[in-house]
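Work out the full structure: start from the sequences and follow the hints.
There are 2 protein chains.
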Amino acid sequence: MSIYPAKQHLAATAAQLGADAGVILVFGGSTLVHPDSDTEYEFHQDSNFFYLSGVNEPGFAAAYDVASRTAILFARHVSADEAVWIGEQPSLRELCATYGFDAAHPVAEISAVISGLRPAAVYTLPESAERVAALGSGSWVLPEAALLRAAVHEARVFKDDAEIAIMRRANQISSAAHEALMRSARAGDAEAALRGRFVGLTLARGAQYEAYGSIVAGGRSAAVLHYTRNGGALADGDVVLVDAGATCGGYASDITRTWPVGARFGAEARAIYGVVLDMQRAVLAACAPGRLWEDMHALACAEAARGLLRLGLLRGAADSIAANHVVGFFMPHGIGHLIGIDTHDVGGYPPGTPRIDAPGLRYLRARREMRARMAFTVEPGLYFVDAVLAQARATPAVAQHIDFDVVARYRGVGGVRIEDNIVITESGHENLTTCPKEIEAIEALRAEAYASEATTVA
Amino acid sequence: MSIYPAKQHLAATAAQLGADAGVILVFGGSTLVHPDSDTEYEFHQDSNFFYLSGVNEPGFAAAYDVASRTAILFARHVSADEAVWIGEQPSLRELCATYGFDAAHPVAEISAVISGLRPAAVYTLPESAERVAALGSGSWVLPEAALLRAAVHEARVFKDDAEIAIMRRANQISSAAHEALMRSARAGDAEAALRGRFVGLTLARGAQYEAYGSIVAGGRSAAVLHYTRNGGALADGDVVLVDAGATCGGYASDITRTWPVGARFGAEARAIYGVVLDMQRAVLAACAPGRLWEDMHALACAEAARGLLRLGLLRGAADSIAANHVVGFFMPHGIGHLIGIDTHDVGGYPPGTPRIDAPGLRYLRARREMRARMAFTVEPGLYFVDAVLAQARATPAVAQHIDFDVVARYRGVGGVRIEDNIVITESGHENLTTCPKEIEAIEALRAEAYASEATTVA
Chain A
1 MSIYPAKQHL AATAAQLGAD AGVILVFGGS TLVHPDSDTE YEFHQDSNFF YLSGVNEPGF
61 AAAYDVASRT AILFARHVSA DEAVWIGEQP SLRELCATYG FDAAHPVAEI SAVISGLRPA
121 AVYTLPESAE RVAALGSGSW VLPEAALLRA AVHEARVFKD DAEIAIMRRA NQISSAAHEA
181 LMRSARAGDA EAALRGRFVG LTLARGAQYE AYGSIVAGGR SAAVLHYTRN GGALADGDVV
241 LVDAGATCGG YASDITRTWP VGARFGAEAR AIYGVVLDMQ RAVLAACAPG RLWEDMHALA
301 CAEAARGLLR LGLLRGAADS IAANHVVGFF MPHGIGHLIG IDTHDVGGYP PGTPRIDAPG
361 LRYLRARREM RARMAFTVEP GLYFVDAVLA QARATPAVAQ HIDFDVVARY RGVGGVRIED
421 NIVITESGHE NLTTCPKEIE AIEALRAEAY ASEATTVA
Chain B
459 MSIYPAKQHL AATAAQLGAD AGVILVFGGS TLVHPDSDTE YEFHQDSNFF YLSGVNEPGF
519 AAAYDVASRT AILFARHVSA DEAVWIGEQP SLRELCATYG FDAAHPVAEI SAVISGLRPA
579 AVYTLPESAE RVAALGSGSW VLPEAALLRA AVHEARVFKD DAEIAIMRRA NQISSAAHEA
639 LMRSARAGDA EAALRGRFVG LTLARGAQYE AYGSIVAGGR SAAVLHYTRN GGALADGDVV
699 LVDAGATCGG YASDITRTWP VGARFGAEAR AIYGVVLDMQ RAVLAACAPG RLWEDMHALA
759 CAEAARGLLR LGLLRGAADS IAANHVVGFF MPHGIGHLIG IDTHDVGGYP PGTPRIDAPG
819 LRYLRARREM RARMAFTVEP GLYFVDAVLA QARATPAVAQ HIDFDVVARY RGVGGVRIED
879 NIVITESGHE NLTTCPKEIE AIEALRAEAY ASEATTVA
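Sequence lines, in order, name chains A and B.
Okay, so the first sequence: first residue is 1 according to this note's numbering, each after it adds one.
Okay, so the second sequence: first residue is 459 according to this note's numbering, each after it adds one.
Honestly, the hints are just simulated from the structure, not real lab data.
Model, not experiment: these values are computed from the prediction.
Incorrect hints may have been included.
Stated by the list, open to error - Label-pair restraints from in silico Cβ distances:
#, chain 1, residue 1, chain 2, residue 2, range
1, A, Phe404, B, His684, 55 to 65 Å
2, A, Pro58, B, Pro809, 49 to 59 Å
3, A, Ala146, B, Pro516, 25 to 35 Å
4, A, Asp81, B, Val491, 53 to 63 Å
5, A, Pro58, B, Ala578, 40 to 50 Å
6, A, Val78, B, Thr892, 34 to 44 Å
7, A, Phe404, B, Ser573, 23 to 33 Å
8, A, Ala372, B, Val491, 24 to 34 Å
9, A, Gln8, B, Ala857, 47 to 57 Å
10, A, Glu109, B, Phe862, 33 to 43 Å
11, B, Gly596, A, Gln89, 46 to 56 Å
12, B, Thr892, A, Glu448, 28 to 38 Å
13, B, Leu767, A, Trp85, 23 to 33 Å
14, A, Arg411, B, Pro516, 28 to 38 Å
Claimed, not checked - Among the chain B residues that face chain A by a calculated CB cut under 8 Å, a handful are:
#, residue
15, Thr497
16, Thr801
17, Gly805
What the hints assert, rightly or not - Computed far set for chain A versus chain B, every beta-carbon distance over 10 Å:
#, residue
18, Ala15
19, Phe158
20, Ala211
21, Asp342
22, Arg367
23, Val398
24, Arg409
25, Glu440
All C-beta atoms in this analysis are idealised placements derived from N, C-alpha and C, irrespective of residue type, glycine included.
So, in structure tokens, the structure goes:
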């Protein structure tokens with residue numbers, strides 16, 4: 001396995017910081033325990049620390065001396081008693097080799113090692129600020145922690161080749177699990193059983209954990225945007241929306257597929273699905289350096305308006321539909337977000353960028369110009385949320401464009417979303433998500449699920 | 459589904475408290491977010507609050523008026539905007555019915571509702587103490603939070619029929635998954651793949667999450683007691699130790715099985731396995747009201763000494779082996795612990811009970827007299843931990859009893875543990891764990907794994 005480019009990330013962060021001297025010093029996460037219990041939360045490393053260290057264990061710290069370009073790892077101490085329970089730890093020399101650092105010391109030596117560098121300043125993150133101040137005991141110059149935070153965030157926005165390779169793998173593993181569900185799930189299966197199979201398959205292929213709470217929403221439940229209860233069962237005639245992604249090698253994937261519980265899409269679901277697929281195609285075709293992310297949202301809305309006009313759910317002039325944000329009542333979320341170590345990755349709103357207060361756009365998680373090596377989700381969707389449609393009905397400028405009788409015929413579809421993960425390239429984008437989304441391909445997989453008696457989800 | 463007996467638990471806690479007036483007021487857990495990220499930790503309710511409310515959602519509180527025996531639920535507020543994302547919430551009336559409470563109010567009304575009861579005192583838990591003090595704004599009498607904590611802990615020690623039924627189900631689901639692994643895993647499979655399959659199968663059958671970090675340890679890795687890295691692959695000739703349990707309906711299961719990677723146990727593994735099985739049989743036969751838990755540990759050690767003497771790993775007199783805690787160097791953990799909502803459940807050391815400072819016993823997680831309705835794990839094990847055996851060699855009183863040449867022949871076994879979950883009954887115990895542990899039954903399952911070409915773990 002190649003070494004995670006932590007040292008390059010420390011250098012990229014120092015460059016963003018614009019500092020030519022001083023030391024960056026950050027602490028990793030600790031083991032977290034449930035209240036009044038000794039049950040540990042599954043350990044997930046703090047994202048910024050993972051980016052700067054590649055270490056996925058509790059109790060570590062990392063430093064970078066900007067002028068000499070020296071990366072220093074600080075390893076937790078494991079006592080002989082503890083080693084009986086968690087195993088012998090690698091030597092400091094082995095840790096350097098594993099993580100690509102120039103030096104390694106026990107965490108107990110942080111203060112001495114850093115002071116020995118006589119740093120002009122010690123930059124740290126808000127989460128580490130108190131501990132760093134205590135270690136410096138008044139003798140270190142400590143710039144505002146927000147400075148390093150902004151620098152790390154901006155560095156994290158641009159994925160290097162190693163990160164893209166990891167994200168490709170995370171997408172492949174999650175895509176394969178999505179495809180396995182489409183190939184095997186049947187009417188009557190519990191939503192929780194599909195989630196279980198997704199988690200089991202991705203863990204078995206090397207994933208660390210779910211990147212976020214999986215959504216398996218049959219029928220009307222897909223109209224609840226963050227439906228993670230997964231408490232129902234799949235009903236024939238419905239579509240099921242599966243929004244699930246595994247974190248692998250520290251990087252999230254975030255994929256949604258919507259498919260019929262039976263072997264084929266019903267007429268209404270097929271029509272809505274086709275519109276959402278058109279929305280995604282329109283956005284993907286436009287993703288390239290120099291384009292604005294909020295324009296991708298607008299593109300998706302324009303395509304949705306065309307489709308919904310064709311189907312008769314909307315009526316009136318396209319420019320008035322756009323001006324009144326009518327599509328925002330059918331897609332009450334943003335077109336996508338940056339993705340990386342975090343599912344909703346950092347850097348979507350550079351300092352000073354305001355949110356746009358309009359239906360749908362309000363929840364847009366990024367507003368900036370696309371540039372090569374940025375990674376985004378592209379996740380158009382159309383939903384029939386009663387409460388949101390009631391708002392639309394109560395807003396005359398919006399209601400004039402909606403034929404609520406036609407909408408009522410589509411209500412049973414619940415919601416459709418199609419979500420892929422992409423990386424912006426010099427000339428356009430690379431789509432990392434590999435599972436089928438064309439109607440014919442999905443129906444072929446669904447036919448397989450019903451072809452064999454032997455297949456079961458659990 | 460029957461209603462979780464939260465109200466009975468509030469009453470049992472009030473009885474333990476010895477109070478005949480006043481109000482119990484406790485807060486449930488909140489959603490926890492990773493540092494500098496919007497990624498939520500999977501929500502696990504605080505154990506004490508779950509016991510007193512049955513609510514497995516963030517943002518709730520519960521109260522109990524001791525004199526009038528009134529159970530009052532306080533429900534989080536979900537705004538219309540939020541409902542689009544997480545769904546419409548049940549009404550207060552529906553919440554009362556779901557959780558078996560007498561009344562329900564929004565959390566915003568806690569202060570008014572509790573003050574309206576004119577309570578003689580407001581009992582709360584340490585985790586809630588600050589918020590309760592703020593709500594009372596000086597006008598409530600607030601006894602030490604440690605009082606309610608001790609009362610809840612003692613009430614939780616004794617499982618009622620509803621809790622035992624849930625634990626039976628958690629054990630069945632986990633047992634079936636253990637059996638599925640034995641029936642399908644093969645040499646070459648990744649340890650992580652077995653964990654993935656375990657998690658997937660249990661989630662698919664209704665489990666909430668792993669009760670603790672699963673251990674899948676092939677060969678020498680089983681000599682690391684809390685090996686959760688699961689980074690290796692199964693090698694023919696080894697045994698694999700699988701310690702995994704799902705939480706279902708709020709209650710943990712905690713099961714270990716050890717089995718050959720090939721179709722049959724090798725000679726050394728079979729011998730050690732037989733001794734561990736004898737240890738468990740001896741303890742289970744003795745589990746009954748009135749017996750002391752630390753005596754179960756001693757029983758297991760005595761049985762282990764007999765077995766290891768027979769095999770030639772130990773030598774000398776049984777009483778000297780016992781007096782020098784020689785078996786503690788082969789089983790450096792306790793014989794078991796209380797289990798319930800938490801894997802290591804509360805109440806193992808009633809106030810004033812000291813730990814015993816001796817090898818193995820040092821880590822015993824409970825010291826008390828068994829009584830009906832207590833639930834325990836019974837988990838004897840024998841391990842060949844180099845560092846621990848080096849300590850034994852350096853301790854003359856211990857080393858005289860060990861034939862290190864014979865021990866060296868068994869080192870490759872790594873470790874063997876067999877762990878079941880039991881409930882103490884009036885006459886003895888009920889074993890909740892249903893997966894096979896007899897050598898013949900295990901080898902029959904292992905033969906199945908190699909019988910068909912179609913079976914794979916992932």
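Now the hints, each set against the structure:
Judged by the Cβ atoms, the range 55 to 65 Å given for Phe404 (chain A) and His684 (chain B) holds: they are separated by roughly 59 Å. Range check, Pro58 (chain A) to Pro809 (chain B): Cβ separation about 31 Å, and the 49 to 59 Å hint is violated. The beta-carbon spacing between Ala146 (chain A) and Pro516 (chain B), approximately 29 Å, falls within the hinted interval of 25 to 35 Å. At about 33 Å, the beta-carbon gap between Asp81 (chain A) and Val491 (chain B) misses the expected band of 53 to 63 Å.
The hint said 40 to 50 Å for the Cβ distance between Pro58 (chain A) and Ala578 (chain B), and at roughly 45 Å that hint holds. In this structure the hint that Val78 (chain A) and Thr892 (chain B) lie 34 to 44 Å apart at CB holds, the actual value being about 37 Å. Restraint check, Phe404 (chain A) to Ser573 (chain B): a C-beta distance of roughly 47 Å breaks the suggested window 23 to 33 Å. For the hinted restraint 24 to 34 Å between Ala372 (chain A) and Val491 (chain B), the CB-CB distance of approximately 31 Å keeps it satisfied.
Checking the proposed 47 to 57 Å range against Gln8 (chain A) and Ala857 (chain B) shows it holds: the Cβ atoms sit about 52 Å from each other. At about 37 Å, the CB distance of Glu109 (chain A) to Phe862 (chain B) agrees with the hint of 33 to 43 Å. The hinted window of 46 to 56 Å between Gly596 (chain B) and Gln89 (chain A) holds, with their beta carbons roughly 51 Å apart. The given range of 28 to 38 Å is respected by Thr892 (chain B) and Glu448 (chain A), whose C-beta atoms sit roughly 34 Å from each other.
Look at Leu767 (chain B) against Trp85 (chain A): about 28 Å separates their beta carbons, and that is inside 23 to 33 Å. As the Cβ distance of Arg411 (chain A) to Pro516 (chain B) is approximately 30 Å, the hint placing it in 28 to 38 Å holds. Taking 8 Å as the C-beta contact cut-off toward chain A, the hint placing Thr497 (chain B) at the interface holds, the least distance being around 6 Å. For Thr801 (chain B), the suggested interface contact is upheld, since its CB lies about 6 Å from the closest CB of chain A, less than 8 Å.
At a threshold of 8 Å, the smallest CB-CB gap from Gly805 (chain B) to chain A is about 12 Å, leaving the interface hint violated. Here Ala15 (chain A) stays apart from chain B, with its beta-carbon at least about 20 Å from theirs, past the 10 Å limit. Non-interface status of Phe158 (chain A) relative to chain B is upheld: no Cβ of that chain comes within 10 Å, the nearest being about 18 Å off. The claim that Ala211 (chain A) is not at the interface with chain B is violated, since a C-beta of that chain comes within 10 Å of its own (minimum 8 Å).
Not every CB of chain B lies more than 10 Å from the CB of Asp342 (chain A), the least distance being 5 Å, so the non-interface label is violated. Every C-beta of chain B lies more than 10 Å from that of Arg367 (chain A), the closest at about 16 Å, which supports listing it as non-interface. Residue-level check passed: Val398 (chain A) sits 16 Å from the nearest beta carbon of chain B, beyond 10 Å. The claim that Arg409 (chain A) is not at the interface with chain B holds, since no C-beta of that chain comes within 10 Å of its own (minimum 22 Å).
Every beta carbon of chain B lies more than 10 Å from that of Glu440 (chain A), the smallest distance being close to 27 Å; the non-interface claim holds.
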